[in-house]
Amino acid sequence: MSTPRGPIVLATDFGDSPYVGQIKGVIASIAPDAHVIDLTHQVAPQDIVEGLWHLKGALAYFPRGTIFVAVVDPGVGTARRALCVDAGDFLAVGPDNGILSFIAPEKRRAVHLIEAEEYTLRKKSAVFHGRDIFAPAAAHLANGLDPAKLGPAGEGVIELPWIVPRATKDGLEGAVLVVDRFGNLLTNIEGHRAAADATVTIEKTPIGSLRTTYSDAEVGRPLALIGSSGFIEIAIRNGSAAKGLGLGKGARVSVKGAR
Amino acid sequence: MSTPRGPIVLATDFGDSPYVGQIKGVIASIAPDAHVIDLTHQVAPQDIVEGLWHLKGALAYFPRGTIFVAVVDPGVGTARRALCVDAGDFLAVGPDNGILSFIAPEKRRAVHLIEAEEYTLRKKSAVFHGRDIFAPAAAHLANGLDPAKLGPAGEGVIELPWIVPRATKDGLEGAVLVVDRFGNLLTNIEGHRAAADATVTIEKTPIGSLRTTYSDAEVGRPLALIGSSGFIEIAIRNGSAAKGLGLGKGARVSVKGAR
Amino acid sequence: MSTPRGPIVLATDFGDSPYVGQIKGVIASIAPDAHVIDLTHQVAPQDIVEGLWHLKGALAYFPRGTIFVAVVDPGVGTARRALCVDAGDFLAVGPDNGILSFIAPEKRRAVHLIEAEEYTLRKKSAVFHGRDIFAPAAAHLANGLDPAKLGPAGEGVIELPWIVPRATKDGLEGAVLVVDRFGNLLTNIEGHRAAADATVTIEKTPIGSLRTTYSDAEVGRPLALIGSSGFIEIAIRNGSAAKGLGLGKGARVSVKGAR
Numbered sequence: 001m002s003t004p005r006g007p008i009v010l011a012t013d014f015g016d017s018p019y020v021g022q023i024k025g026v027i028a029s030i031a032p033d034a035h036v037i038d039l040t041h042q043v044a045p046q047d048i049v050e051g052l053w054h055l056k057g058a059l060a061y062f063p064r065g066t067i068f069v070a071v072v073d074p075g076v077g078t079a080r081r082a083l084c085v086d087a088g089d090f091l092a093v094g095p096d097n098g099i100l101s102f103i104a105p106e107k108r109r110a111v112h113l114i115e116a117e118e119y120t121l122r123k124k125s126a127v128f129h130g131r132d133i134f135a136p137a138a139a140h141l142a143n144g145l146d147p148a149k150l151g152p153a154g155e156g157v158i159e160l161p162w163i164v165p166r167a168t169k170d171g172l173e174g175a176v177l178v179v180d181r182f183g184n185l186l187t188n189i190e191g192h193r194a195a196a197d198a199t200v201t202i203e204k205t206p207i208g209s210l211r212t213t214y215s216d217a218e219v220g221r222p223l224a225l226i227g228s229s230g231f232i233e234i235a236i237r238n239g240s241a242a243k244g245l246g247l248g249k250g251a252r253v254s255v256k257g258a259r
Numbered sequence: 001m002s003t004p005r006g007p008i009v010l011a012t013d014f015g016d017s018p019y020v021g022q023i024k025g026v027i028a029s030i031a032p033d034a035h036v037i038d039l040t041h042q043v044a045p046q047d048i049v050e051g052l053w054h055l056k057g058a059l060a061y062f063p064r065g066t067i068f069v070a071v072v073d074p075g076v077g078t079a080r081r082a083l084c085v086d087a088g089d090f091l092a093v094g095p096d097n098g099i100l101s102f103i104a105p106e107k108r109r110a111v112h113l114i115e116a117e118e119y120t121l122r123k124k125s126a127v128f129h130g131r132d133i134f135a136p137a138a139a140h141l142a143n144g145l146d147p148a149k150l151g152p153a154g155e156g157v158i159e160l161p162w163i164v165p166r167a168t169k170d171g172l173e174g175a176v177l178v179v180d181r182f183g184n185l186l187t188n189i190e191g192h193r194a195a196a197d198a199t200v201t202i203e204k205t206p207i208g209s210l211r212t213t214y215s216d217a218e219v220g221r222p223l224a225l226i227g228s229s230g231f232i233e234i235a236i237r238n239g240s241a242a243k244g245l246g247l248g249k250g251a252r253v254s255v256k257g258a259r
Numbered sequence: 001m002s003t004p005r006g007p008i009v010l011a012t013d014f015g016d017s018p019y020v021g022q023i024k025g026v027i028a029s030i031a032p033d034a035h036v037i038d039l040t041h042q043v044a045p046q047d048i049v050e051g052l053w054h055l056k057g058a059l060a061y062f063p064r065g066t067i068f069v070a071v072v073d074p075g076v077g078t079a080r081r082a083l084c085v086d087a088g089d090f091l092a093v094g095p096d097n098g099i100l101s102f103i104a105p106e107k108r109r110a111v112h113l114i115e116a117e118e119y120t121l122r123k124k125s126a127v128f129h130g131r132d133i134f135a136p137a138a139a140h141l142a143n144g145l146d147p148a149k150l151g152p153a154g155e156g157v158i159e160l161p162w163i164v165p166r167a168t169k170d171g172l173e174g175a176v177l178v179v180d181r182f183g184n185l186l187t188n189i190e191g192h193r194a195a196a197d198a199t200v201t202i203e204k205t206p207i208g209s210l211r212t213t214y215s216d217a218e219v220g221r222p223l224a225l226i227g228s229s230g231f232i233e234i235a236i237r238n239g240s241a242a243k244g245l246g247l248g249k250g251a252r253v254s255v256k257g258a259r
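From first to last, the protein sequence lines are chains Y, E and D. So in this note's numbering, the last spot in the first sequence is 259, and the numbers never skip. So in this note's numbering, the last spot in the second sequence is 259, and the numbers never skip. So in this note's numbering, the last spot in the third sequence is 259, and the numbers never skip.
There could be a bad hint or two in this list.
[Stated by the list, open to error] The list that follows gives simulated cross-link-like pairs (lysine to aspartate or glutamate, EDC-like), each with its CA atoms no further than 16 Å apart:
#: 1; chain 1: E; residue 1: 56; chain 2: E; residue 2: 106
#: 2; chain 1: Y; residue 1: 123; chain 2: D; residue 2: 117
#: 3; chain 1: D; residue 1: 123; chain 2: E; residue 2: 106
#: 4; chain 1: Y; residue 1: 149; chain 2: Y; residue 2: 118
#: 5; chain 1: E; residue 1: 56; chain 2: E; residue 2: 159
#: 6; chain 1: Y; residue 1: 107; chain 2: Y; residue 2: 89
#: 7; chain 1: E; residue 1: 249; chain 2: E; residue 2: 159
#: 8; chain 1: E; residue 1: 56; chain 2: E; residue 2: 146
#: 9; chain 1: E; residue 1: 123; chain 2: Y; residue 2: 89
[Stated by the list, open to error] With the C-beta cut set under 10 Å, the calculated list includes, among others, these residues of chain D facing chain E:
#: 10; residue: 17
#: 11; residue: 20
#: 12; residue: 22
#: 13; residue: 25
#: 14; residue: 28
#: 15; residue: 32
#: 16; residue: 45
#: 17; residue: 63
#: 18; residue: 125
#: 19; residue: 126
#: 20; residue: 127
#: 21; residue: 131
#: 22; residue: 160
Source of the hints: derived by calculation from the structure; they are not laboratory data. A virtual CB, placed ideally from N, CA and C, is assigned to each residue, including glycine.
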C-alpha cells in the first residue's frame, strides 16, 4: 500500500555517511509504506547551488505528490528557518537558505514554517535537522498531513537570483554551476531557450553551435550540447572540459541567439 | 501492493550521479508500487564486459519476474538498437551492444525492439536513454505489459563470444574480466566446471589448486578460489593480486582439469 | 503490503560492490514486500568496531520490528558462529565476532544460532555468508518467522568490553572509535552522561567544555560537542580534527564531570 502522497525524494550533501540511513529510519517509523528515493547525496559539502541545480533538473521526472527533502544546510543550528513549500503538484521541505528556490516563484502556492512539535522529533540534535525536523515532517506529509499543520505561513523564500541567466542584447549570459564527475561544465541556461543557430562562448573561448551528442565533436575538442537535465553544458569528447579549458564553477557562459 | 512483475534491478555505469535518481523518478511515475533494486552503478564508465559480468553473477539471486535494466551505453544517441529480451523467468532491457548477452542464448525466448512511443518518454534526450527509454519500458513491464507491445521482434542480440572460456586439450582457457576494489582478479570461468584436483595458472604463473577461502593461503601469497559469484578468481590474502602479480583485465587464465 | 516485521536494515563493509544488490535479490526472492534500508556499506573493511558504532548510534531511529543485518565478517568461512539476537523490540542477525554487542546485554532476550537449512540458501559460498545465510534468515524473519526456528539457543554473544568508557575519579575515560569523512573524531562517550560544566581532554590536549554546534568555535580551533548520533565528538570548525590534532582511532578521551 502506498502512502497518500509520495515518493519522498532525498537530495543532500551527506555523501556515503550513515546519516542517510538514519533519515530513512525516521521516515519508516512514521510512514512505513512511504517510498523513499535517493536523488543524490553527493552534493559537494554545503554547496547549496549544486543541490538546487540537481533538484531543478530532476523535477520533471517525478510524479505528482512527490515530497522533496532538500538538505544542504550549512546554517544548521543557527536562526535560519525550516520551511515547507507547497507547489500544488509537489511539496518540498528544507532550510531557508536558497536551496528551496529550485521551485520557480510562480509555482509556490504557500510557504509554511516547520515548527509543530508533534511533527518533528522530540529530541533534536543541534547539528542534524535533516533527521530530526525535515525527515519527520516529510513522513507526516507522505501520510497525508495538511502542510498548514506544520506551522504558520512563512514570508517568502530566500532566492538566489544570480543563478538565473540574464538577457544580453543578442542572447543570454549565465554561468557554470556544477562540474560533474566527467569534468563536464553544466550551466544554468536551459537548452530550449536557444535558437537552432545559437552559438556558445565560455569566458573568451568560442565553442560553436549546439551539438546533439558527445560524439558530434572530434576527440579532445570542446563542444556545447543540451545535457540530460535540459541545461546547456560544455564537454570535451572522451575528456574533461574542466581540465581542458582550465575552467570551473562560476565561469561565465554566453549564448548568442537565445532568449 | 507489489506490481505484477518485479523487482526492477538496475545495473549501470552512472556512479554516484543524480541520474540514477531520475531513473527512479520515471519508474515511480509509471509504476508507483514497483520495487527497485540497485545491483550496481559502479561499473567502470562504458565497460560493457564488467556490467555483463556483474549481471551474470547476480542472476541466480533474483526472483522470477525480475526485470533487469542494463545501461552501460557508450553508443547512446547512435544507431544501436534498444532491446527487450524475454527469458521467460525474467526480462531484460538495454542497448544492443553486447551487454544483454549476459542471458545465455538458450534462455532467450524472444527479443523485441523498444520503439513504441507510448511506453517511452515523449521528450527524449540524445544522451540519456536509460531514463527516457529503458526506465519507462521497464516500469510498464513491471505493470504487466506484454513485451511484444514494446515493438517488433528483433533479430538476435549482439554476442561477446570471446568472454566465454574455450576448451583446451586438458582444461579451459579464459581471462580476467573484472578487477574488484580489493584487487582480486575475477575470471569468466565458472567454478563448477573445475574438477576437485584442478590447477590454475594465470599468464605464466602457476597458482595451484582451488582453495576454499582467502585464509587458506599464507599472507602475501596468491591463491585461486571460487568467488562469491561462482567464478574462479585469483586473490592475495590481505593484499591485492592485481598489484602483487602486476596483472589486470584481459590476463589469460587456464584451468587444467576443468571442462 | 508490508511484511509482518521490518524494515530490514543493512550495515556492512561491502562498499560500492554489487554484493549489496545480491543480498537485496535474495531478500526480494523470499520476502518480496520487505522494506530494505541501507544504513551504511562504507564501514572500513573488517572494522567491526566502526560497524558497531554506527549501529549503536542509529538504533533509536528505527521502528519496532526492525531487523538489523550486521555483516562485518572477517572470519567468514571459519568456525565463528552465525547468530540471531532477539531484543524484543527488534532483531539482529550477524556473525558472532563482537559486532552484535551493539545491543546492550540487558536488551537481549534470546540468542539463536542460525543453522536451519530451510532458512538459508542451499548453496553456500564459503566467502559470502551475508548473502547466503544472513540475508535469507532476515527475509524469513520479516515474513514473521519465529527466531527460535533458526536454530538452537546460543550461549552469549562475544562482547567488546573495551569500547565501553570506564569511570575515573572525576569523570569518564573513553576513546575515539571512528573518524568520519570530515575528520571529526567520534568517541564512545554518550553525551547525556556529561554534566553541563563537563570539560573534555583528548590525549593531553584540553578541548574545553561542550559546545552546541560547529559554529561555536573559531575557524581552525578544536571543539567538543555532542554529535548527531548522541556521542561526544571532537571537531575543528571548517577543518579536520584528525589532521589538526594528529590523532585517530584509539586516541584516549577523558571527560571531567561525566558519569
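Tested hints:
| no. | hint | result |
| --- | --- | --- |
| 1 | E:56 to E:106 | holds (14 Å) |
| 2 | Y:123 to D:117 | violated (43 Å) |
| 3 | D:123 to E:106 | violated (24 Å) |
| 4 | Y:149 to Y:118 | holds (10 Å) |
| 5 | E:56 to E:159 | holds (14 Å) |
| 6 | Y:107 to Y:89 | holds (9 Å) |
| 7 | E:249 to E:159 | violated (19 Å) |
| 8 | E:56 to E:146 | violated (24 Å) |
| 9 | E:123 to Y:89 | violated (20 Å) |
| 10 | 17 | holds (7 Å) |
| 11 | 20 | holds (8 Å) |
| 12 | 22 | holds (5 Å) |
| 13 | 25 | holds (4 Å) |
| 14 | 28 | holds (5 Å) |
| 15 | 32 | holds (6 Å) |
| 16 | 45 | holds (8 Å) |
| 17 | 63 | violated (19 Å) |
| 18 | 125 | holds (5 Å) |
| 19 | 126 | holds (5 Å) |
| 20 | 127 | holds (5 Å) |
| 21 | 131 | holds (7 Å) |
| 22 | 160 | violated (22 Å) |
The structure shown violates the earlier hints numbered 2, 3, 7, 8, 9, 17 and 22.
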